[in-house]
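Novice: Residue numbers (this note's numbering), protein chains in the order written: chain A, -16 to 318; chain B, 11 to 563.
Hints were generated in silico from the structure; no laboratory data involved.
Mixed in with the good hints, there may be bad ones.
Unchecked claim - Quick list of in silico lysine to aspartate or glutamate cross-link-like pairs, EDC-like style, CA-CA up to 20 Å:
#, chain 1, residue 1, chain 2, residue 2
1, B, Lys512, B, Asp496
2, B, Lys542, B, Asp345
3, B, Lys217, A, Asp16
4, B, Lys431, A, Asp312
5, A, Lys229, A, Asp312
The primary structure of each chain is shown beneath.
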Amino acid sequence: MLRFILRRLVSTLFLLAGVMVMTFALARILPGDPARLIAGARAGPGAVAAVRAQLGLDLPLAQQFVHYVSGIFHGDFGRSIITRRPISQDILTFFPATCELVILASLISLVGGVALGAASAVNSSGKTDAAVRVISVFGLSVPDFWMALIAQLIFFSVLGILPFGGRLATGVAMPPYVTGFLSVDSLLAGRLDLFADALRHMILPVTVLAIPSMAVIIRVVRTTMLDVLSADYIRTARAKGITPFKVYLRHALANSLLPIVTVFGLNMGLLISGAVLVELIFNLPGLGRYTADAISGSDYNAIMAITLVVSAAYIVINLVVDLSYVLLDPRVELK
Amino acid sequence: MTGDDSKRSHAFNQAWHLTRRHFLAGTAAFGAAAIGRVPMSHAATPDLPIGNRDPKTLVVVVDATVENLDPATNVEWAYGLSPIYETLTVLDGAEALKVKPSLAKAFTSSDDKMIWTFELPAGVKFHDGTDCDANAVKAAITRTITRPGGTFATSWQIDDPEKQIVVKNATTLEFHLTEARPFFDLEVSSQYGFWIASPTAAQKNSKGANDMGSEFLQSHPVGCGPYKMESFNPGQDITYVRFDEFHGGWDHPHFERVITKTIPVSATRRQLLEAGEVDIALRMEPQDTVELRNDPRFVIQDTSTATVQYVVFATDGKLADPRVRQAICHAFDHDSYLRDVVLGTADKPRSVFPSQMQGVGDESYVLPFDLEKAKALLAEANFPAGSELTVTYYSGFGDTECQLLQGWLSELGITLHLQEKSFSAFLDEFFGDAPADQRADLFYFSWWPNVDHPYNYAWSLFSGAATAASGNAGRYANDEVTKLIDELRQKLIDTEQAQKVKRLAQILTVENPAWLPIQQERMQFVARRDIKGMVNNPIYVATLDIYNLSRSA
Chain A
-16 MLRFILRRLV
-6 STLFLLAGVM
4 VMTFALARIL
14 PGDPARLIAG
24 ARAGPGAVAA
34 VRAQLGLDLP
44 LAQQFVHYVS
54 GIFHGDFGRS
64 IITRRPISQD
74 ILTFFPATCE
84 LVILASLISL
94 VGGVALGAAS
104 AVNSSGKTDA
114 AVRVISVFGL
124 SVPDFWMALI
134 AQLIFFSVLG
144 ILPFGGRLAT
154 GVAMPPYVTG
164 FLSVDSLLAG
174 RLDLFADALR
184 HMILPVTVLA
194 IPSMAVIIRV
204 VRTTMLDVLS
214 ADYIRTARAK
224 GITPFKVYLR
234 HALANSLLPI
244 VTVFGLNMGL
254 LISGAVLVEL
264 IFNLPGLGRY
274 TADAISGSDY
284 NAIMAITLVV
294 SAAYIVINLV
304 VDLSYVLLDP
314 RVELK
Chain B
11 MTGDDSKRSH
21 AFNQAWHLTR
31 RHFLAGTAAF
41 GAAAIGRVPM
51 SHAATPDLPI
61 GNRDPKTLVV
71 VVDATVENLD
81 PATNVEWAYG
91 LSPIYETLTV
101 LDGAEALKVK
111 PSLAKAFTSS
121 DDKMIWTFEL
131 PAGVKFHDGT
141 DCDANAVKAA
151 ITRTITRPGG
161 TFATSWQIDD
171 PEKQIVVKNA
181 TTLEFHLTEA
191 RPFFDLEVSS
201 QYGFWIASPT
211 AAQKNSKGAN
221 DMGSEFLQSH
231 PVGCGPYKME
241 SFNPGQDITY
251 VRFDEFHGGW
261 DHPHFERVIT
271 KTIPVSATRR
281 QLLEAGEVDI
291 ALRMEPQDTV
301 ELRNDPRFVI
311 QDTSTATVQY
321 VVFATDGKLA
331 DPRVRQAICH
341 AFDHDSYLRD
351 VVLGTADKPR
361 SVFPSQMQGV
371 GDESYVLPFD
381 LEKAKALLAE
391 ANFPAGSELT
401 VTYYSGFGDT
411 ECQLLQGWLS
421 ELGITLHLQE
431 KSFSAFLDEF
441 FGDAPADQRA
451 DLFYFSWWPN
461 VDHPYNYAWS
471 LFSGAATAAS
481 GNAGRYANDE
491 VTKLIDELRQ
501 KLIDTEQAQK
511 VKRLAQILTV
521 ENPAWLPIQQ
531 ERMQFVARRD
541 IKGMVNNPIY
551 VATLDIYNLS
561 RSA
């Protein structure tokens, strides 16, 4: 397994190098002068030239690339044109909100998807199955931005029971920064009121983000379990008098886990990309909104850094998924 | 469909069959519930409760985050700076030409207007506790002028701050100018580059000669204004609390805390206002403004600004002949655009100058919508039928206006290609030096003056001596225009100078058009009815005088 991991890590390095070259090249090919953007529309030519020199944009392209790569190895992604802060600092500021959102959404989609998919398969053709199929079709076919807007309309404007967005109520001070996860930091600060407020603010965005992903898992679990439930060993287990609950849980569900894990890994990409719109609509200061701002503001340094970070995260998640196959199924061998 | 699927489908239909009666009943119930909760019955309840919010805290929702709070480099809206910093003088209320003391308690000028003296009150402190005396003010201005790559290095028009800014004593500061500047007080009241930041904070946290404390001040602003920053959550909100030692005092009603929240979507800003969660919303979409205008729970501070949105003509290409530009000007129907598209939330421009600009007068120079006249002008100019033109605009700004122009130009036999670019790519082309055949023929942009003076507004845009990089993106060159603009430099606008301004408006809008002005923006601040003291100055773009706001009991 160690060899497998090493091989994957080496290929990962090549992949990230490719991403680096590609994003750097794209940023330089695309039209637009970051120096003018920083200096502003009212700046004279002298000020724009000075900013260009400060950013090193007047250097030959090869030299700019060397600076860029060496900066990355020192954890320096350059400076954002929009926020003017070091991008590494911006990532530390904005990434936790996205992480918190994606982690909670992935847990809900996994737990909900497996539970509903299993219930649907077990009650195939029954009312539960029909209801779950409606949920999964709804989740797959309705765009998350629409769901987000409707959720805001119903739960904030009409019913007034949930906040429209943001991470905490207006005027409430953030807990001291430890992890950047509000739910964790508020607990570390011993502030249960903040913890409850943070969770309340997470309900709508997490649910909206989780639904499409959960719909995919429901479909996979249902199909896989239906196949497994018709297998000989399930009939044998039933014949041996094992309780239906044990049959479903230990025999059927346990043997359906591999495709679920695969889909779960793939879904992380869906969740990260879905976070862009969800953060925008729910006004969450996460990496998704930061990315949207970077794209609309042609903040190339930020776009390059985010692409690299998200690619790395995606690669790591898929590596973990591959490794988990071994744990879940002893027959799987990693070569 | 397999047999199993068919059975499942049947089972589904049985389980989820919804009669039309049930559907209608459910929809009606939901609708009734929604109407009951949505605040549509506002006529009966003009006072919107603020719930458990602190009445001494003001919550303002804005469309864009101010990420940079260093006044030496901030090129964004100044609403983030105005609570923290002060300028030496400030424009009085909504007056564009009347100055009142701010950080300086008094100011005088020599007869030749080459020496300006500002008197500071004694004992003024920055938020970091250091003295805001004449030496500190000089150091702050010097930093703005000398910081490499500083956008506002030329704002003060002072080449040698060490010599030209003279500290007479701890509270007296003199500016020795190299030419007579009769409205220097108006200039130092401007919002671009004139705020005073603590030089001690800048120096203590400087990362070198290129930085001069800018990185620190961007997120840790230190001024001497009425509020100091309490917290800054990038992309989310900024909280300010009152600065107890503010030299202006806290005797009359003020807010103790101010929170500016960034909510990019206009509809969401409106929802928050209607739910009573916020007090003021800036920059709403026309539809939201129009609807809130009829809501008695809110007041709308609706004032004209000095910002003109325009289509600039590239005069060095296909549009070199003024008659072709005149024809295009005749092909834009301002009246229907302002009525049907922007729903009356903007003003009809009168010329390339903002209507309130000194000297420009009340006449309208904008060429009337007349497609027949436009066709005749094109024929006279031998402009080939079936010509193709390109207009460039940036994402989210000018797309509707360019589409309208496209429609009207098609009636003249001109095909207008729309080219939407990112803001960065747009600026690159707009201010760039590419030859005419590699640029668009028209651009959509907007501009406003730093000071209500025609020279300040016109030189960089229309003078033959100004390059595209300076702002003359149309590469406009007209000897009479250049001469008239030069003659206005540092001149008070009396009757004689006003004639020159009118002549400029006539040439630039009618005879040899540089631009097609599309609209003059209005600024609409929507506030709860209990918020008092809202004033908008046309020169200060989207900037609230937060210190003078209060909540009525």
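Novice: For each hint, tell me whether it holds in the structure or not.
Specialist: Here is how each hint holds up against the structure:
With a C-alpha separation of about 15 Å, the suggested pairing of lysine 512 (chain B) with aspartate 496 (chain B) holds against the 20 Å cut-off. Between lysine 542 (chain B) and aspartate 345 (chain B) the CA atoms are separated by roughly 34 Å; this puts the pair beyond 20 Å, and the hint is violated. As the CA atoms of lysine 217 (chain B) and aspartate 16 (chain A) are separated by approximately 25 Å, the hinted pair breaks the 20 Å bound. Only pairs whose Cα atoms come within 20 Å are accepted, and lysine 431 (chain B) paired with aspartate 312 (chain A) is rejected, the gap being roughly 52 Å.
The suggested pairing of lysine 229 (chain A) with aspartate 312 (chain A) holds, with an alpha-carbon distance near 19 Å, which does not exceed 20 Å.
Figure legend: structure checked against the earlier numbered hints; hints not met, in rising order: 2, 3 and 4.
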